[in-house]
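J.: Chains as they are written, first to last, in my numbering: chain A, 9 to 111; chain B, 9 to 111.
Treat each hint with caution, since some may be false.
Chain copies aren't distinguished; within one or between two, either way the pair holds.
[What the hints assert, rightly or not] Derived pair list, reagent style DSSO-like, types lysine-lysine, alpha-carbon separation capped at 27 Å:
1. K69 <-> K17
2. K55 <-> K79
3. K69 <-> K24
4. K17 <-> K79
Simulated from the structure, these hints should not be mistaken for laboratory data. What you are looking at is a predicted structure, and each value in this text was computed from that prediction instead of being measured.
Number of protein chains: 2
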Amino acid sequence: MTQYGRYGKLKAQPGKGNELAVILLQAAELLRTVQGCHLYIIGKDAKDEDTIWVTEVWDSKESHSNSLKDKAVQALILQAMPLLDGKPEGGTELEVLGGLGIA
Amino acid sequence: MTQYGRYGKLKAQPGKGNELAVILLQAAELLRTVQGCHLYIIGKDAKDEDTIWVTEVWDSKESHSNSLKDKAVQALILQAMPLLDGKPEGGTELEVLGGLGIA
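Please build the complete structure, drawing on both the sequences and the hints.
T.: This is the structure we're talking about:
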């Protein structure tokens, strides 16, 4: 049984990378209470401190979609939007086959 | 204290994605015994079943570099190489700030 994964790349406005990362770390805390999320980690691109990557693993694509309907998640998205430099890219979707460090 | 993360993209020769993934899953098992590896997950690109992504989180960049000196790791790399379509891309390096699902 595979899981649903994604890499999301969020480009912040110049100098706003850390502020964006803080909001995403809050989102990670929130997701501890949301069904189906196994991994949600925040990383700063080693080559650009205003590019923040989110790595996610979910039970299924549906669990991920459902999380976006959560009011508290939506509130954090609204908070993050003005910090972004342009629209978020579509991201890379993965069929997670397994490995070390996930349930 | 941040951790070292990376996304590696490995393009297999046509039809060889699953075979490559199996070797990488063996690498993940091996890394359970190697110092400093917190996450090593294998995912198939949702848009191309011959593109395999490896998502890694390590204590430090040094721990990652050291792992490549391990004889058993080197043996698996040698096994994977002939399945690749061209050279592996450099990958994306991250400063992992935290989140859900990692130590």
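J.: Now tell me, hint by hint, if it's right for this structure.
T.: Taking the hints in turn, this is what the structure says about them:
For the identical chains of this complex, K69 and K17 are neighbours both inside a copy (18 Å) and across copies (21 Å), given an alpha-carbon limit of 27 Å. Taking the shortest Cα distances, K55 and K79 never come within 27 Å of each other, neither inside one copy (34 Å) nor across copies (30 Å). Taking the closest pair of Cα atoms, K69 and K24 come within 27 Å of each other only across two copies (25 Å); inside a single copy the shortest separation is 29 Å, beyond that limit. Taking the shortest alpha-carbon separations for K17 and K79, only the intra-copy value of 23 Å comes in at or below 27 Å, while the best inter-copy value is 35 Å.
Hint 2 from the list above is the single one not met by this structure.
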